[in-house]
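Asker: Each chain is listed here by its residues.
2 protein chains.
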Amino acid sequence: MSSLLEQLIEAFRVLPGVGQKTAQRMAYHVLEREREGGKRLSEALATAIERIGHCVRCRDFSETEVCVTCASAARDAFQLCAVESPADRLAIEQATGYRGLYFILQGRLSPLDGIGPRELGLDQLSMRLAEGEVQELIIATNPTVEGEATAHYLAQLARQHGVRPSRLAHGVPLGGELEYVDRGTLSHAFGSRSEMP
Amino acid sequence: MSSLLEQLIEAFRVLPGVGQKTAQRMAYHVLEREREGGKRLSEALATAIERIGHCVRCRDFSETEVCVTCASAARDAFQLCAVESPADRLAIEQATGYRGLYFILQGRLSPLDGIGPRELGLDQLSMRLAEGEVQELIIATNPTVEGEATAHYLAQLARQHGVRPSRLAHGVPLGGELEYVDRGTLSHAFGSRSEMP
Ligand SMILES: [Zn+2]
Ligand SMILES: [Zn+2]
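Protein sequence lines, in the order shown, are assigned to chains A and B. With full-length UniProt numbering applied, the first sequence closes on residue 197, and no number is skipped along the way. With full-length UniProt numbering applied, the second sequence closes on residue 197, and no number is skipped along the way.
In isolation and in its complexed conformation, chain A is listed as follows:
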């Protein structure tokens, strides 16, 4: 096999969920049918890697010092939503009508991995909350053990600054069937039941 082709196949494996077989299929597909698209991908990758950094306000990906969302006058500055990753931020932005601002932790507390408050930018978040503009900190970390621990830490931090912490509701997913919901979720949903009107 051409060694440039081998290098291309190997390079594709850097992508998440891409093993040897898929990498081969990608390389062949691009060379057979998508050379123009492949060129665009090559250029988009190089440009993005060189020019996309992090917003100094919210730590989301941004090609400018302050990202478009943080710079927007149309967003409500009294609500701040803390998420673990840019992907979580995007999911909330796309699924909800939320018009407040975000803070991206870029991880969750995980002392064993050396990820503490400093790595999550919590000193920066603390200063932000001290500014007095934020009234509610919506904590949207994932419902994992580490995500919950992070949520508790963030809630304390919020209260220290007189900011109201809130947490996304847990429960049976809309359209979900009870028999397929995991036991922890079901147990929580049952315990958190509310009276019907």
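Hints were generated in silico from the structure; no laboratory data involved. Heads up, a few of these hints could be off.
DSSO-like, lysine-lysine: derived pairs with alpha carbons at most 27 Å apart [unchecked claim]:
1. B:Lys-21 to A:Lys-21
2. B:Lys-21 to B:Lys-39
3. B:Lys-39 to A:Lys-39
4. B:Lys-21 to A:Lys-39
5. A:Lys-21 to B:Lys-39
6. A:Lys-21 to A:Lys-39
Model, not experiment: these values are computed from the prediction.
Start from chain A and add chain B with the ligands according to the hints.
Answerer: Okay, now just chain B with the ligands, sitting in the frame of chain A:
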């Protein structure tokens, strides 16, 4: 969202089987954790697209005029295996002990799509068979309607040049259970049964 990021996500969708969600995940993964790997991928793509063409002998991908396999003195020139795609060639090369040469059709006969003998390089294959060195043409097109039609066409071409055509055996896959084998294959395997020694 950063527009460079949007461009990167859009660019990833050129890859086979990659929709919006997967493209997002790839872009975030590269920017968060694999900037070095992403740079390598960008460069490998650009270089491969610029420098990988087709071998003039076998039509496989090659960065040289004649590919490594065709140029090798260690391969048997009396056997030629015709396949539809470079991926099929690679599968045979990796799975079997085949030591002959290949001819990559880069497709199969499909008159409705404007793919005829000329598009598959059959004039070139005809000249190759006329050289007199090839004794067996192993026809490894896929067992689809178009692949079978192509196989019949190739078999005729081989006979015209006094070359023996052969076709890969069909049947129950090794380790396959009868109940999960498709009906066409099972029927063929039954009809092609051979006496046990
Ligand atoms: Zn921002
Ligand atoms: Zn070749």
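Asker: Hint numbers the structure violates, sorted upward?
Answerer: none
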